[in-house]
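Model the full structure from these sequences, guided by the hints.
Protein chains: 2
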Amino acid sequence: MAGQDRETGLKLDIKFDEHGLVPAIVQDAATGQVLMMAWMNEAALKQTLEIRKATFYSRSRNKMWIKGESSGHVMEVLEARVDCDQDVVLLRCKAHGPACHAGYQTCFYRATEASGPMKFVEEKVFDPAKVYGH
Amino acid sequence: MAGQDRETGLKLDIKFDEHGLVPAIVQDAATGQVLMMAWMNEAALKQTLEIRKATFYSRSRNKMWIKGESSGHVMEVLEARVDCDQDVVLLRCKAHGPACHAGYQTCFYRATEASGPMKFVEEKVFDPAKVYGH
Chain G
321 MAGQDRETGL
331 KLDIKFDEHG
341 LVPAIVQDAA
351 TGQVLMMAWM
361 NEAALKQTLE
371 IRKATFYSRS
381 RNKMWIKGES
391 SGHVMEVLEA
401 RVDCDQDVVL
411 LRCKAHGPAC
421 HAGYQTCFYR
431 ATEASGPMKF
441 VEEKVFDPAK
451 VYGH
Chain X
321 MAGQDRETGL
331 KLDIKFDEHG
341 LVPAIVQDAA
351 TGQVLMMAWM
361 NEAALKQTLE
371 IRKATFYSRS
381 RNKMWIKGES
391 SGHVMEVLEA
401 RVDCDQDVVL
411 LRCKAHGPAC
421 HAGYQTCFYR
431 ATEASGPMKF
441 VEEKVFDPAK
451 VYGH
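Which chain is which? The protein sequence lines are G and X, in order. First residue of the first sequence? That's 321 in the numbering used here, and the numbers climb one at a time after it. First residue of the second sequence? That's 321 in the numbering used here, and the numbers climb one at a time after it.
I should point out that these hints are in silico values taken from the structure, not numbers from a laboratory. Source: prediction; values computed, not measured. Among the hints, a few may not be true.
Claimed, not checked - Listed below are the simulated BS3-like cross-link pairs for lysine-lysine, each with C-alpha atoms no more than 27 Å apart in a straight line:
hint	chain 1	residue 1	chain 2	residue 2
1	X	366	X	331
2	G	414	G	450
3	G	335	X	444
4	G	335	X	335
5	G	331	X	439
6	G	366	X	439
7	X	335	G	383
8	X	373	G	439
9	X	383	G	335
10	X	335	G	439
11	X	414	G	439
12	X	439	G	414
13	G	444	G	414
14	G	335	X	439
15	G	439	X	366
16	G	373	X	439
17	G	331	X	444
18	G	444	X	335
Claimed, not checked - Derived, one-sided and incomplete: chain X residues facing chain G with beta-carbon distance under 10 Å:
hint	residue
19	366
20	399
21	433
22	440
23	441
The beta-carbon is built from N, C-alpha and C at its ideal position, and this holds for glycine as well.
See the structure below:
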């Protein structure tokens, strides 16, 4: 069965969505921190595995981009994993700088409860205006 | 600006996709291991935050499901975070058992390179047939 092969087999057979994309989670391999999630098309996944720098596909700009291209905050891929049904990618990375363009180590810098305002749960580690310009 | 509020503000304002869904990453808060990713609609997110058990929306079955409903492998939510543009949720959980129905602690049990077969990088921790039946 194709479904079983995809789950139990060792052939890379990513299930891209109707837009030809797959979500890719970036995790700091040293700290375990989940840094960000972005989308890849087949070419971005191929490039990521070849050059070992996390490469994504921007849905708004309709183009591939290497994370850290402008900031220098490259995510060096130490290990790439796929989930059971091969519709999610996990990149375990060496983070060459913070992940989030908003100035935090991780994009997940706010926590939410069932009600009430969210809370900031991370410290800013850089000034985006200095890295990206105004 | 609405875009800025979503990034810098403290109001929960999830950007659901065209299907009304948002991806939710489950991380073991104790070990840092990324366990799985699944999808939530607004009702599943609300329920997750209220009952503190990871609840998702199944796209194939068109219904909400509580992770661990049948296996007992519930993901108890210790902290829920959102990313900068509020289109991804991260649940930091106490895992009451393995996450993957295939018998592994994490759904990410295979690693891939640019070419060649993938490799199993996790040990099986339970027999799915015994937990879920045949």
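Results for each hint:
For the suggested pair residue 366 (chain X) and residue 331 (chain X), the alpha carbons sit about 14 Å apart, so the restraint of at most 27 Å is met. Our distance criterion of 27 Å between C-alpha atoms is met by residue 414 (chain G) and residue 450 (chain G), whose separation comes to about 23 Å. For a cut-off of 27 Å, the pair hint linking residue 335 (chain G) to residue 444 (chain X) stands: about 23 Å separates their Cα positions. Among the hinted pairs, residue 335 (chain G) with residue 335 (chain X) is consistent with the structure: their alpha-carbon atoms are about 23 Å apart, no more than 27 Å.
Restraint check: the Cα-Cα separation between residue 331 (chain G) and residue 439 (chain X) comes to about 9 Å, which is no more than 27 Å; the hinted pair holds. For the given pair, residue 366 (chain G) sits about 17 Å from residue 439 (chain X) by alpha-carbon distance, which is consistent with the 27 Å threshold. Restraint check: the Cα-Cα separation between residue 335 (chain X) and residue 383 (chain G) comes to about 21 Å, which is no more than 27 Å; the hinted pair holds. Restraint check for residue 373 (chain X) and residue 439 (chain G): satisfied, since their Cα atoms lie roughly 20 Å apart, inside the 27 Å limit.
Distance hint between residue 383 (chain X) and residue 335 (chain G) is fulfilled; the C-alpha atoms sit about 21 Å from each other, no more than 27 Å. Note on residue 335 (chain X) and residue 439 (chain G): the hinted pairing holds, with a Cα-Cα distance of about 18 Å set against a maximum of 27 Å. Restraint check: the Cα-Cα separation between residue 414 (chain X) and residue 439 (chain G) comes to about 21 Å, which is no more than 27 Å; the hinted pair holds. Between the alpha carbons of residue 439 (chain X) and residue 414 (chain G) the distance comes to roughly 21 Å, so the proposed pair stays at or under 27 Å and holds.
The hinted pair formed by residue 444 (chain G) and residue 414 (chain G) meets the criterion: a straight-line CA distance of about 19 Å does not exceed 27 Å. Taking the CA atoms of residue 335 (chain G) and residue 439 (chain X), the gap is about 18 Å. The hint holds against a cut of 27 Å. At roughly 17 Å between alpha-carbon atoms, residue 439 (chain G) and residue 366 (chain X) fall within 27 Å of each other, so this suggested pair holds. Of the supplied pair hints, the one linking residue 373 (chain G) and residue 439 (chain X) holds, its CA atoms being roughly 20 Å apart against a limit of 27 Å.
This hinted pair checks out: residue 331 (chain G) and residue 444 (chain X) have alpha carbons roughly 19 Å apart, not beyond 27 Å. At roughly 23 Å between alpha-carbon atoms, residue 444 (chain G) and residue 335 (chain X) fall within 27 Å of each other, so this suggested pair holds. Because the closest C-beta pair between residue 366 (chain X) and chain G is about 7 Å apart, less than 10 Å, the hint holds. Here the hint on residue 399 (chain X) is kept, as its CB sits about 5 Å from the closest CB of chain G, short of 10 Å.
Interface restraint check: residue 433 (chain X) against chain G, minimum CB-CB distance 6 Å, threshold 10 Å, status holds. The closest approach between the C-beta of residue 440 (chain X) and any C-beta of chain G is roughly 8 Å, which is under the 10 Å cut-off, so the hint is satisfied. Interface restraint check for residue 441 (chain X): the shortest CB-CB distance to chain G comes to about 7 Å, inside 10 Å, so the restraint holds.
Checked against the numbered hints given earlier, the structure satisfies every one of them.
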